[in-house]
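The task is to assemble the complex, starting from two chains supplied on their own in separate frames and drawing on the hints.
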Amino acid sequence: MISCYQFKTIISQYMDKDISFQGRKSFEEHMDGCPGCKQLYQSILSTKNSMLQFAEMRVSENFLGDLRTKILAERNARIEASLNKGFSLNRIPSFAYGFAAALVAVIIGFYLLEFQTGSSPAQMPPRIVQEKIQQKTPDSENSRTPPLMSRGQYANSENYTDSLEHSDSQNARTRPDFQNNIKTVKKEY
Amino acid sequence: MKDSFKLTDEELIRRFQAGDETAFEEIVNRYKNRLMNFAYRFVLDREEAEDIVQDTFLKVYQNRYAYKEIAKFSTWIYTITANLAKTILRKRRNRKLFFFSRLGPEDKDMDFPSNERDAQSKIEGKFDEQTIQKAIIKLPEHFRTAIILRDIQELSYEEISNIINAPLGTVKSRINRARLKLREDLQEMRGNEKIN
Chain A
1 MISCYQFKTI ISQYMDKDIS FQGRKSFEEH MDGCPGCKQL YQSILSTKNS
51 MLQFAEMRVS ENFLGDLRTK ILAERNARIE ASLNKGFSLN RIPSFAYGFA
101 AALVAVIIGF YLLEFQTGSS PAQMPPRIVQ EKIQQKTPDS ENSRTPPLMS
151 RGQYANSENY TDSLEHSDSQ NARTRPDFQN NIKTVKKEY
Chain B
1 MKDSFKLTDE ELIRRFQAGD ETAFEEIVNR YKNRLMNFAY RFVLDREEAE
51 DIVQDTFLKV YQNRYAYKEI AKFSTWIYTI TANLAKTILR KRRNRKLFFF
101 SRLGPEDKDM DFPSNERDAQ SKIEGKFDEQ TIQKAIIKLP EHFRTAIILR
151 DIQELSYEEI SNIINAPLGT VKSRINRARL KLREDLQEMR GNEKIN
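Read top to bottom, the protein sequences are chains A and B. Using our numbering, the first residue of the first sequence is number 1, and each one after it goes up by one. Using our numbering, the first residue of the second sequence is number 1, and each one after it goes up by one.
Keep in mind the hints are simulated off the structure, nothing from the lab. Check each hint, because a few of them may be wrong.
[Claimed, not checked] Chain A is faced by these chain B residues, among others (derived, beta-carbon under 7 Å):
(1) K32
(2) M36
(3) N37
(4) F57
(5) L58
(6) I132
(7) D151
(8) Q153
(9) L155
(10) I175
(11) N176
(12) R179
(13) R183
(14) D185
[To be verified] Cross-link-like lysine to aspartate or glutamate pairs, in silico, EDC-like; alpha carbons within 20 Å at most:
(15) A/K48 / B/E141
(16) A/K70 / B/D51
(17) A/K48 / B/E184
(18) A/K70 / B/D55
[Stated by the list, open to error] Covered stretches of chain A (in silico footprint by chain B; criterion: 3 or more residues with CB under 8 Å from a CB of chain B, positions within the stretch not fixed):
(19) 40–46
(20) 51–61
(21) 95–106
Keep in mind it's a predicted model, so treat the numbers as computed, not measured. Don't be surprised by glycine CBs; every beta carbon is placed ideally from N, CA and C.
Isolated chain B (complex conformation) (with noise of 0.2 Å):
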């Protein structure tokens, strides 16, 4: 597909609808990375992260016909994705529930991407990723859905909207609420490791 680059997402997922798998690889090389992105910061573990990914782009394929153009397809595959990370938190703490088990995802080892910047952070007293990251993490789920979706995959108010299913204006405050809270829990951390 040479001219692939210049269609839409809309109108890659209508040639698909058709027939044409060609369609389906453009989706995936255009989405693997941004909805790999968006489960990692989600679940913080990238085996699952890849295994949403992966089931998102299964059931794309599978529930092609499902996709209608009234919401726009970016918003659509990230409520599918975002649907399934929530489905494996909650298989998640049900294990965690069984087994009495008290390592949770924020008490694990957790294999964080290496970032340069970090050490710099430090020296300028920012907070770096890996501190972050677990703070997000800690924060409640509906908190960190729009947390992600707004601040790191940068997604507007309206789409944030359509994939978490809520009136805008809910979306507003919980996203103000959401960076109030990690900045709360962030300066609780940086007080932990003080003491310690």
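Bound conformation, chain A alone (with noise of 0.2 Å):
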């Protein structure tokens, strides 16, 4: 047996038939033995029946006219406002401002990694490509190419830097067949 509190959850599912059996059976026997759930049951039912029998509202007779009227005007405000415009930025897609940000940026990294590459003293080649130049350079060459590193050595470069100032080995590696010899290590690289 159900109490009242549970009769009022289920009262419409009961009433649109959407309960199981079991459930069913248990609401009609407290509704048999409770007049005043009983009541309440009957009352919204009532109520229900009511609004389905509600007089049917129908719109005016100029109804269609008045939504033509109302498409075309507001599609004539649509072509008006269109020609009225010329530039205006809310044309532009979106997403053509993120792709011209996008392009900024590469363009920017691409000239700031050039700057980089082209006068920073401290950035070496890595170890092995070092070595590749070394075996490839000819031996006039070999006392101006710095030092071979150790890690350690690379890590504090201000060291290096210093010995640089020193020789003349600035000035080889900006030779055009120096940094050919580069290109070629890094590509077998």
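Here it is, written out as structure tokens:
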């Protein structure tokens, strides 16, 4: 047997026949033994049935004509607005802004990289690349190339920069044949 | 469009999307009164209800390509109408606040459609259409939407769930609570009538 509270919670399920067999049985049992709940059920059912019989509302006779006018007016307004607008930032699709920003970022990044590789003497090719360069460069240039450095020495690049200042190896590194060598070795590497 | 009566709503909107304007006319003819009924029960004002229905069709016309055949067309169009009706109510509330007016839709003289059954209902002790409609308009917005869609428009729980964008369980409990609240309000109104 269900309580009055439970009865109230399933009243619509019973009304809409959306209830299990067991639930239905319990509902009816409770309704038979509780006049208050029976009255509540009958009252709600009666209101529900009354609502189904409400007079149907109909649109006015000139509804279709008004709708057609509204659609045409709206269409004309749109055309007029697009003709009068001329150039406007609003008309540029949003993805174009993103694309432009990405393009600018790429260009800036490219120039920054170019600038860094051309000017910074502290950046050295990796050890294996250095070894290859040493193998490939002629003997005359061996004296000019910087000495092979260990990993620890790379970290302390200030010493290396100082040594470059005293030698003319900087000039050798900027020479085109030296650069070409680096490129070839990088490719192989 | 001679064979339009055979077509489903989804087929009609597909034709309209392909550029067939007569399909749109058929959609309007199918839904104008149904939506009018819904909008009127929601705002209880004939002119506003008709404006809502017109705006609904205008939106369907403009956003025809936004409809995807994931949901039923009826669900889509009812959702548009419900949203427009809610907007009207919100505007009305704001206007009311702005002018410090105490006249709400429930206090106004409303134009109810004539119904001969009302007289008979009164004799039987039932609530007449006007009284029920007045009680419906006093319900909170979410109860009102649920009860109109279920008990007046006779939509299924699933359709209501899609229209109001709420889980099925929520819809069921909301409809139950709305019916109980409506009954309570009607009893209260009857009590007041007796006192007066």
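Each hint, compared with the structure:
The restraint placing B/K32 at the interface with chain A holds, with a minimum CB-CB distance near 5 Å, inside the 7 Å limit. With a least beta-carbon distance of about 5 Å to chain A, the hint placing B/M36 at the interface is held under the 7 Å criterion. A hinted interface residue such as B/N37 counts as satisfied when its beta carbon comes closer than 7 Å to some beta carbon of chain A; here the least separation is about 5 Å, so the hint holds. The criterion of a C-beta within 7 Å of any C-beta in chain A is met by B/F57, whose closest approach is roughly 6 Å, and the hint holds.
Interface hint status for B/L58: upheld, as the beta-carbon distance to the closest one in chain A is roughly 6 Å, under 7 Å. Using the Cβ-Cβ criterion of 7 Å, the hint placing B/I132 at the interface with chain A is satisfied: the shortest such distance is roughly 6 Å. Because the beta carbon of B/D151 sits about 4 Å from the nearest beta carbon in chain A, less than 7 Å, this interface hint is met. Interface hint at B/Q153: violated, since its Cβ lies 10 Å from the closest Cβ of chain A, which is beyond the 7 Å cut-off.
Interface hint at B/L155: violated, since its Cβ lies 12 Å from the closest Cβ of chain A, which is beyond the 7 Å cut-off. The closest approach between the C-beta of B/I175 and any C-beta of chain A is roughly 5 Å, which is under the 7 Å cut-off, so the hint is satisfied. Given the 7 Å rule on beta carbons, the hint for B/N176 holds: about 4 Å separates it from the nearest Cβ of chain A. The closest approach between the C-beta of B/R179 and any C-beta of chain A is roughly 5 Å, which is under the 7 Å cut-off, so the hint is satisfied.
Taking 7 Å as the C-beta contact cut-off toward chain A, the hint placing B/R183 at the interface holds, the least distance being around 5 Å. The closest approach between the C-beta of B/D185 and any C-beta of chain A is roughly 10 Å, which is over the 7 Å cut-off, so the hint fails. About 18 Å separates the Cα atoms of A/K48 and B/E141, which keeps this hinted pair within 20 Å; it holds. Annotation: proposed proximity of A/K70 to B/D51 holds, straight-line Cα distance about 11 Å (limit 20 Å).
Between A/K48 and B/E184 the alpha-carbon distance is near 14 Å, which keeps this suggested pair within the 20 Å criterion. At most 20 Å may separate the alpha-carbon atoms for a hinted pair to count; A/K70 and B/D55 meet this at roughly 9 Å. With 4 residues bearing a CB less than 8 Å from a CB of chain B, the stretch 40–46 of chain A meets the requirement of three and the coverage assertion stands. Using a Cβ-Cβ cut-off of 8 Å, 10 residues of the stretch 51–61 of chain A lie near chain B, which meets the minimum of three, so the contact claim holds.
Under a criterion of three residues with beta carbons nearer than 8 Å to beta carbons of chain B, the stated coverage of the stretch 95–106 of chain A fails, only 0 such residues being counted.
Taken one by one, the earlier hints fail for this structure at numbers 8, 9, 14, 21, listed in ascending order.
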